[in-house]
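Trainee: First to last, the sequence lines map onto chains A, B, C and D. Take this note's numbering: the final residue in the first sequence is number 327, and no numbers are missing along the way. Take this note's numbering: the final residue in the second sequence is number 327, and no numbers are missing along the way. Take this note's numbering: the final residue in the third sequence is number 348, and no numbers are missing along the way. Take this note's numbering: the final residue in the fourth sequence is number 348, and no numbers are missing along the way.
No wet-lab data here; the hints were simulated from the structure. Don't take every hint at face value.
Unchecked claim - Computed spacing ranges between beta-carbons, pair by pair: (1) 187(C) / 281(B): 41 to 51 angstroms; (2) 319(B) / 21(D): 20 to 30 angstroms; (3) 60(B) / 152(C): 50 to 60 angstroms.
These numbers were taken from a predicted model, which means no experiment stands behind them. Beta carbons: idealized from backbone N, C-alpha and C, even for Gly.
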Amino acid sequence: EYGGRGAGLTEWLIFEEEYHRAGAPGRVSQNGIFLFAPTLFEFGSREQQDRYLPAMASGEEIWVQGWSEPEAGSDLANVRSRAERDDTRGGWVLNGQKIWSSRGTYGHRLFGLFRTDPEARRHHGLTYFTVDLASPGVTVRPIAQLDGEPGFAEIFLDDVFVPDADVLGAPGEGWRIMIATTGSERGLNLRSPGRFLAPAQRLLDLYRQRGGDGELRDAVVRAWMDAEAYRLFTFGTVTKLQGGGQIGADSSINKVFWSQMDVDLHATALRLLGEYAELDAASPEAVDGARWLDGFLFALGGPIYAGTNEIQRNTIAERVLGLPRAR
Amino acid sequence: EYGGRGAGLTEWLIFEEEYHRAGAPGRVSQNGIFLFAPTLFEFGSREQQDRYLPAMASGEEIWVQGWSEPEAGSDLANVRSRAERDDTRGGWVLNGQKIWSSRGTYGHRLFGLFRTDPEARRHHGLTYFTVDLASPGVTVRPIAQLDGEPGFAEIFLDDVFVPDADVLGAPGEGWRIMIATTGSERGLNLRSPGRFLAPAQRLLDLYRQRGGDGELRDAVVRAWMDAEAYRLFTFGTVTKLQGGGQIGADSSINKVFWSQMDVDLHATALRLLGEYAELDAASPEAVDGARWLDGFLFALGGPIYAGTNEIQRNTIAERVLGLPRAR
Amino acid sequence: MRLAYGDEQHLFRETVRDFLAANCTTAHLRAAWSADSAVSPRWAELAKLGVTGLVVPEEHDGLGLGDEELSAVLEQAGYAALPDPLLDTAVATGLLAEFAADAGRLAPIARGESVASVLLPGQAFAIEAEAADLLVIGVAGEDASAEIHVVDPEECALTAQTSVDRSRNLFRVDFEPVPETLVAAGPAAAAALARAADRGALGAAAFLLGLTQRMLDMAVGYARQRVQRGVPIGSHQSVQHHLANVLVKLEFARPVVMRAAYSLARGLPSAARDVSMAKVYAGEAADLAARNALQVHGAIGYTEEHDLHLFMKRAWALNAAWGDAGHHRARVAADLLGDSPAPVTPAF
Amino acid sequence: MRLAYGDEQHLFRETVRDFLAANCTTAHLRAAWSADSAVSPRWAELAKLGVTGLVVPEEHDGLGLGDEELSAVLEQAGYAALPDPLLDTAVATGLLAEFAADAGRLAPIARGESVASVLLPGQAFAIEAEAADLLVIGVAGEDASAEIHVVDPEECALTAQTSVDRSRNLFRVDFEPVPETLVAAGPAAAAALARAADRGALGAAAFLLGLTQRMLDMAVGYARQRVQRGVPIGSHQSVQHHLANVLVKLEFARPVVMRAAYSLARGLPSAARDVSMAKVYAGEAADLAARNALQVHGAIGYTEEHDLHLFMKRAWALNAAWGDAGHHRARVAADLLGDSPAPVTPAF
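The shape of chain A in the complex, shown without the other chains:
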């Protein structure tokens, strides 16, 4: 049973908590289920939920985000990829280019915004599409990332047909749909607490094994406390949503916190590893298969992606604190 905003989110949180307690590595947890599911729970038709969710939850179908475009920088409203109406086939013809698409090289379906009204500017005239990457006209170019994530890619769409059944919500509603569950123009910022509680617990174990001076001990405890604080904050958010509230710009507060916490947590682990910190997974003496190094490299993307933390702070200042627009 997916329906119902709050309920959907709670299911999602519980799912993730279990998922990470099972020890899934960070990068896999970046699966579309955490990026797309909340939106699908809220705006997808029952038919779409039934069609997408099972394969998504089982991991059979990997979902790929298609937010950024070349030259758009952090400005996600600057969408140039367009979709033209095709009434004969009962759908849309997509053209354009998406960049920084996680899992693009091995993913199955892309979700993102396309401009259906060429006249409209910025936030207007955008529609939320899901695209089968096996469709004719889709080309994928891999981009190597610091975290070694092989999936990052540029995705080119050249007259790609998408049936109406794969449009999420109403045409022209894309922007509203994207920000409704994320509260951010910058893309999807929610991260489940489980994603940080599990490594925080492992960090305590690592400290017990290797020890460290008082300052390092303090950093270890801090990392655990931050993960716990994040769990409590998220539950507060869910409670608010269940009360019918919107996340709104709170997601910027959330994102600034977790992205910094994730970097600090892994940097602390690397300090515990000393000279072994730099060894990668191919190294015979790598500790825990170099998962801390992998996690650190992965975490470094946090303060940059889904809207840099600088942009998030501007959003907080202007939307939440009501300060005048930054100059």
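Assemble the complex: chain A is given as a structure, and chains B, C and D must be docked to it using the hints.
Mentor: Below, chains B, C and D alone, put in the same frame as chain A:
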């Protein structure tokens, strides 16, 4: 012997090191000798040096800074106080208002910029004056500050006559003179290392007496290291000056560092004092006559005065790193 | 666990907030600064709202509420920097209710006719000891020898201290423990003193949240209105980020404090750790709020003519009181890493 | 103490800088990433400049210079992220010169015909041990039992590791100490190993300064040129402050490193403490430079197509090598507070 830029600065550094090793409290060390002396060494006439320095060094004459003006905010170029020529008496007639003038209520002489060319804008047409505060037409209104410093004041000048002998450098050269020894539009940023080395040493003693956890121990050592780093940095600056260089915007780098260090050092001391930290000098159980609390309150002004650290960072970015002007 | 206030709590909080907005202005604070005691006729007014008797059992004319409601009220008190000894009286009340409920001391507190102060083991000073009608004093930290005494301040030697926050009237208390004043001893007393210390730390954390919100609001208001070189300073990214960072700290500290109140109210095993986390997070939020609010205000915020310092100084004082960050981080560390036992009794 | 470089040093530094600008480009770095060893024909070219023999005594064809000149060169090497084992060879050279000067091993190093690697007590891995012609190995930390061996890598069991910085070729070294390879033992060996560890830490600090400057320059260049929404991102206050903070860290770390070089070169009593301070400050400067440079570059800086990561990864690795921040802060603390002895021999 005062003359010679580098030499003057070195004398000044040595003087201060001795001064602080003798345990002079922070606020007294703010005497004009540290604010005005470097400028006097470089731009004062021999006659002016002979006339001002002895009483300044002995502390008989307290010097008062007159940089800020109401509404000017951090923008020291926005000088509205003016000086009109009076050839019959061979001097100038000053009118206007200065604010945030340390030691204003008990000081003897004020130094600051006045606009001698009403046509000129901003940095131009300013002249560097010293003013006898006993002159007719001077009114002083005290302003209470967090550090309890009784001397802070607003100073009103109403047709105050100043003889040519009390003009520092040439008329219209005021701005250049002010920034030459300070390298900053924001006023005088140099602080002697002794001012921080002495409290850093006392902080080590305080920790030896009271102890603290690993993280606190680390903060204590950090405070000492920062004071030492500041000493080395300052010697580098003096070496550079002796080589004929200008401090330039380096003084912004200097100021951002010492002002933060001063706050952190005293905040660390207060953490060592625990519940006793809040006791002020009037308290029977105050530790060391509450000098750590006094020092903390005094230090809090650092990141604000002489150009906020935000403005200093802009200066660093634009003048040193050559980034485009901040928007 | 629902991390949100219930409706009744909301209503109660709003009533208290409105009362304080009118009866604890910065003018009132400055009056408290120049008075010998922060105890004033306002105490009786607070009693009418049920605030002084919040945790007094109903059979003694109190509301019989617990740590969650107390935290909610103290957050509002923090927003106003209320100088009245609300927290100390509440901590004392808890001990009285447990060990000396029938001595007729509780009802006067609920009615606002009496003020109680408290001095727990390891605590250096008692607030308003001179103005208080009774002092609850914990002696020694060891389970075996722990004792709780209820004393008349008149029978103690009080040495007045002066705090950087002039509205905090601190006293060194010297007294002779005698059998007549003893109300509890042994493990039960030790456990109660530990819970009292946790209530104090939690209350201070909630108060710090309120102070943080107030300093943030002041800085935001100033940044909106203060114009320099033709633009409001709040349009500068550095100012925006200073204030955004404070809000992030505050928004993440609040659920931590609410969680601690929830745990302590129900006596959950994690209560002590949760309370320590709350004190650490609320303290850091208030510390950052003080620094950044001062930075945003600039020179004007550094004067005593401006109100900001009234809130900064309270924040500094409460950060060190009821166990400072180091003490509470150590408790969390000991609980998580289990390599040294978490102190059962407070050792501030 | 004059905290500035002398003229000769200036000239030498400029020569080295110009050479590296041409012969150690990021293209060369990427080549080193895909090669089995970072030792290349460039080593002989560096020798022509006197760099490989910088600390080799003049009677063995070296320049016979010390830690100050070595630091100056390593700072330039850091700016280019030179992958050649310059520091490790210099550390090994110092030990060879003291205990095995006449075995004919020094001149080939000065002539660039030989590479030496080193493994000090407590150090986990030796760099380029496979490509090296000889290994200088310190055994045990205790004064009494300290030993220094000079070994042929062929006679050791080497286990290749892979670093996140592919140009760092690390090896676990297993070998049997035999009398034939022993060159020094006892207190003299222990003291020399301690000095060697300090030279290594100082060299790493100088290298980190160069890396910091490079990452800062890259970020400044990008911030000037990258335009978003019609304005260069370098005009945003947040970007300006990120980069200004890096410069402040760098400008205060540099004199600390110069001071340490001065102290170590003259064997001042404060040398060990000064070196530890240098490693801490340079490491923090590089760490902040990496974070802020990445933040300023944004997503493009997160790709391997961009060069930034080549410098970030070296900075992370060198921060942990030759004693990490915790180790060196502890040495400073022990020296200042004297409550626990500063380790004479390194305990990385």
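Trainee: Confirm or reject each hint.
Mentor: Now the hints, each set against the structure:
For the pair residue 187(C) and residue 281(B), the supplied restraint of 41 to 51 angstroms holds, since their beta-carbon distance comes to about 43 angstroms. Remark: the range hint 20 to 30 angstroms for residue 319(B) to residue 21(D) is upheld by a beta-carbon distance near 26 angstroms. With their beta carbons about 56 angstroms apart, residue 60(B) and residue 152(C) fall inside the hinted range of 50 to 60 angstroms.
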